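Given the coordinates of chain A, assemble chain B onto it according to the supplied hints.
Taken in order, these protein sequences are the chains called A and B.
Be aware that the first sequence starts at 1, since it is given in our numbering, and climbs by one per residue.
Be aware that the second sequence starts at 1, since it is given in our numbering, and climbs by one per residue.
Rather than coming from a laboratory, the hints here were simulated on the basis of the structure.
Careful, some of the hints might be misleading.
Because identical chains share one entry, a pair is satisfied inside a single copy or across any pair of copies.
[Said to hold, decoys possible] Below are the SDA-like pairs computed for lysine to any residue, each with C-alpha atoms no more than 20 Å apart in a straight line:
id, residue 1, residue 2
1, K134, W98
2, K53, K88
3, K134, L105
4, K91, E119
5, K42, E125
6, K61, P78
7, K102, D44
8, K102, D129
9, K134, R109
10, K88, R104
11, K61, G19
On a predicted model such as this, the values are computed, not experimentally measured, just so you know.
In case you want the letters, here they are:
2 protein chains.
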Amino acid sequence: MKALTPKHKKEEIISFENGILSSEVLEAIFNTLPVEITFVDKNDIVQYFNQPKERIFDRPKTAIGRTVQQCHSEKTIPAVNQLIEDLKTDKKDVVEFWTSSKDRLIHIRYFSVRNKNGEYLGCLELAQDITEIKRIEGEKSLL
Amino acid sequence: MKALTPKHKKEEIISFENGILSSEVLEAIFNTLPVEITFVDKNDIVQYFNQPKERIFDRPKTAIGRTVQQCHSEKTIPAVNQLIEDLKTDKKDVVEFWTSSKDRLIHIRYFSVRNKNGEYLGCLELAQDITEIKRIEGEKSLL
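Bound conformation, chain A alone (with noise of 0.2 Å):
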C-alpha cells in the first residue's frame, strides 16, 4: 500500500500545553521515537501504533479497530484482561515485562493513559529493546 505523503493529506496544526506541532511532524516524531507504541483505548481497542525504524513485534495494520483481546492468544486472555482491569482502575499505572528474543533484551511496559482530570483514555504498550542500554557505563559527555 503507498504511504499517504503530506501532499495527499491535510496538514493540521495541534496545539499542546507545552507547544504546537503538526500533524506531518506529530507523525514523523512517532516514527522516530526508540521504543514501539500501541495505544489502545478506554473500550479496549486498538488505535495506534507507530513505525519505529527497526521493529520489535509485528503489527499488522488489520489490528487497528480490533479489541486487544483480539489480538492475543486465547491462552493469554486472562491475565491481557487483569492486567488492563488494574489499570482502568487505577489499582496500577504501569506493569512490566521483559523477555529475550534473538540476543536481544526486550523490555514492555504497560502505562495507564489519563487526561488532566485523571479519567481513562486507555493503556500505552510501549516495548525497547534495551540491549544497547544495559551496556551503558560512566560518563559521555557534549563538550
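Showing chain B alone in chain A's frame:
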C-alpha cells in the same frame, strides 16, 4: 498558570498512517511516555516539550519559541551547532550522551526527524533515566 483542560480547548482528531488519535489522547500519550522529549524544528526553534510525571531536566515554558542556541550556555554552542549540523546534513541520524546525576544514569539522545520523503523536519531530544533498566535481568513474562 492554569492548565488548559479539554473543556477549554477544541478537540481535534488527527489521522496517522497507522490509526487515528484525538488531540487530548495525543497530549496524554506524550505525557505518559517514560522519557522526556523536546522537539526543535528545522529552524532550530523549540516547538514542544512533554511533561512526564518525573522530570529529569528543567524545561521552562518560555523555552518554546526560542532557538536551541538561546537555551544553551555560550561554551556549549559550537558543540550544539555541530550536533545539529550533523543531523541536518544526514551525516548522523542520532547523537547520544550519558551522564550521572544524583545517583541516576541519564541517557540523552538527539534524533533527526524526517518525513517520508527524507526531508529534515527538526531534531528530537530524548532524555531517559536508565538506572532501573540497567538492573533488568532474566525474564519476567505475562503468564
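Hints and how they fare:
1. K134 to W98: Answer is both: 13 Å inside a copy and 12 Å across each meet the 20 Å cutoff.
2. K53 to K88: between (31 Å within a copy, 18 Å between copies)
3. K134 to L105: both (9 Å within a copy, 11 Å between copies)
4. K91 to E119: Answer is within; shortest intra-copy Cα gap is 14 Å, inter-copy 44 Å.
5. K42 to E125: within (13 Å within a copy, 30 Å between copies)
6. K61 to P78: Intra 24 Å, inter 44 Å, cutoff 20 Å: neither.
7. K102 to D44: Neither way: K102 and D44 sit 30 Å apart in one copy and 39 Å across, limit 20 Å.
8. K102 to D129: within (11 Å within a copy, 25 Å between copies)
9. K134 to R109: both (17 Å within a copy, 15 Å between copies)
10. K88 to R104: neither (31 Å within a copy, 30 Å between copies)
11. K61 to G19: between (30 Å within a copy, 9 Å between copies)
Violation of the numbered hints given earlier is confined to hints 6, 7, 10; the remaining hints are satisfied by the structure.
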